[in-house]
Amino acid sequence: MSEWQPRILAILCNWCSYAGADLAGVSRMQYPPNIRVVRVPCSGRVDPLFIMKSLQSGFDGVLVSGCHPGDCHYISGNYIARRKFAVLKPLLEFIGIEPNRIQFSWISAGEGERFATVVTKITEDIRKLGPSTRLVKKL
Amino acid sequence: MSMVNNLRKTIKELLAEKKIDLFIVWEKGSLPLSATPLFITSEDEADRAVFDITCGNNLSVYFTKDRKQFSDKKVGIAVKGCDARSVVLNILEKQIDRRNVVITGVPCHGVLDKKKVLDKTDGREVLEMIDDGDTVTLKGKGYELSFDRSEILSSSCLACIYPDAQECDIFIGDARAEIPNENRLKEIKEFEALSSSERWANTRAEYEKCIRCYACRNVCPSCYCNVCFVDQNDPGWIGNTCEFTDSMIFHIIRNLHVAGRCVECGACERACPMDINLLQLNRKVAMEVKDRFGDIAGLDINGKPAMADFREDEKQDFIMG
Chain A
1 MSEWQPRILA ILCNWCSYAG ADLAGVSRMQ YPPNIRVVRV PCSGRVDPLF IMKSLQSGFD
61 GVLVSGCHPG DCHYISGNYI ARRKFAVLKP LLEFIGIEPN RIQFSWISAG EGERFATVVT
121 KITEDIRKLG PSTRLVKKL
Chain B
1001 MSMVNNLRKT IKELLAEKKI DLFIVWEKGS LPLSATPLFI TSEDEADRAV FDITCGNNLS
1061 VYFTKDRKQF SDKKVGIAVK GCDARSVVLN ILEKQIDRRN VVITGVPCHG VLDKKKVLDK
1121 TDGREVLEMI DDGDTVTLKG KGYELSFDRS EILSSSCLAC IYPDAQECDI FIGDARAEIP
1181 NENRLKEIKE FEALSSSERW ANTRAEYEKC IRCYACRNVC PSCYCNVCFV DQNDPGWIGN
1241 TCEFTDSMIF HIIRNLHVAG RCVECGACER ACPMDINLLQ LNRKVAMEVK DRFGDIAGLD
1301 INGKPAMADF REDEKQDFIM G
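Each protein sequence line maps, in turn, to chains A and B. Using this note's numbering, the letters of the first sequence correspond one by one to residues 1 to 139. Using this note's numbering, the letters of the second sequence correspond one by one to residues 1001 to 1321.
Chain A on its own, in the form it takes in the complex (with noise of 0.2 Å):
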């Protein structure tokens, strides 16, 4: 069996990250290939309920990210997602979730550079994290 590769759901705001991540691809950058992306209208548009849902379902890892404080499209969708994550992060590292299992940032449409360093860290603490065991469903 081949090396065991980490799997990591990136959640990514339409308007910045996502283009962010185009760029990366159109300046051909490389980056690690463990990342599977779902595009959102907004970082304010993820429901932490979706985090719990792929960690569930066996992701290793997962990273959302929107438009700088204060780029955001609709004005202020990634204030109220702040307000979100910053609950949500302490909270499942409180139950015992490893810290760097889930992670957010900031990328604008222009930092292609930029996504192409987070997804390279975000892929190297969840390769030294091992597999994900703590919440996914085994039945």
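Please keep in mind that the hints were generated in silico from the structure rather than gathered at the bench. Each statement offered as a hint is correct.
Simulated restraints, written as ranges between beta carbons of each label pair:
1) R36/A x G1321/B: 17 to 25 Å
2) E1190/B x L129/A: 22 to 30 Å
3) E1198/B x E124/A: 23 to 31 Å
20 Å max Cα-Cα, derived PhoX-like pairs, lysine-lysine:
4) K138/A x K1209/B
5) K1009/B x K1028/B
6) K137/A x K1209/B
7) K1304/B x K1290/B
8) K1139/B x K1115/B
9) K1209/B x K1114/B
10) K84/A x K1290/B
11) K1115/B x K1209/B
12) K84/A x K1315/B
13) K84/A x K1304/B
All C-beta atoms in this analysis are idealised placements derived from N, C-alpha and C, irrespective of residue type, glycine included.
Fit chain B to the supplied structure of chain A, relying on the hints for placement.
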């Protein structure tokens, strides 16, 4: 009993002056350790009203769960400190109109957790309970037990800092402002000091007990979605099974739904038939909300629930650099 007499007198006056159509309060239950909700519509019923250590129910739950019944009525409600915060929260969330509710505060010294009493009596039936303010005496067939009141108080009461209503129209007696309580976050800090895998093992052991009866959700005055996410089946986000991850996710998401809205009344924990330490997560979230956003649920009637608000310059230490 003068406090209860004053409460009854107040209810009678409110009804006589036609200031309210209905008053929600507790009455003595059919068993010694229980109190049940009482809906008073006429003055002669007022003498059934009580308030003591058994009155754990957060009565503000009726405003949201039985909304239609109260929408066009003026309602008086008896509240402990935590219940008052629930009422304020319901007002902030436009579930009730401030002008239609007469908040009547009662001085609370904690309510009991029946499960703790049953532990004390080894499950034997309690026929009589005497509470003198410091010690509680339980009497049953062939036994009599006396112990300190704090031993059977609900865990929410042991960590309480607002025992009396901060926002009310009438208070029976003198309302206390915030009281110091060094035990408030003790349990949380201790738990945080454990390693990640120890915390996970503890959480798992605790939440594996869940049987998904939803009693916690049903008694919660802050849980009032028309269709709860666990009852929704298109899309069915999480399984309706007692499998551990399903119930864990239910509890995590429920906690986040009441983040910045939970008043820590402890109704969920007292309602839990499996004795899960539910308030621990609620308290952790409340602590996080207070530290980061400076909000305490249901204290400021002119405020906004924390998760519906934001400031541009908030701390964002959890965002990848």
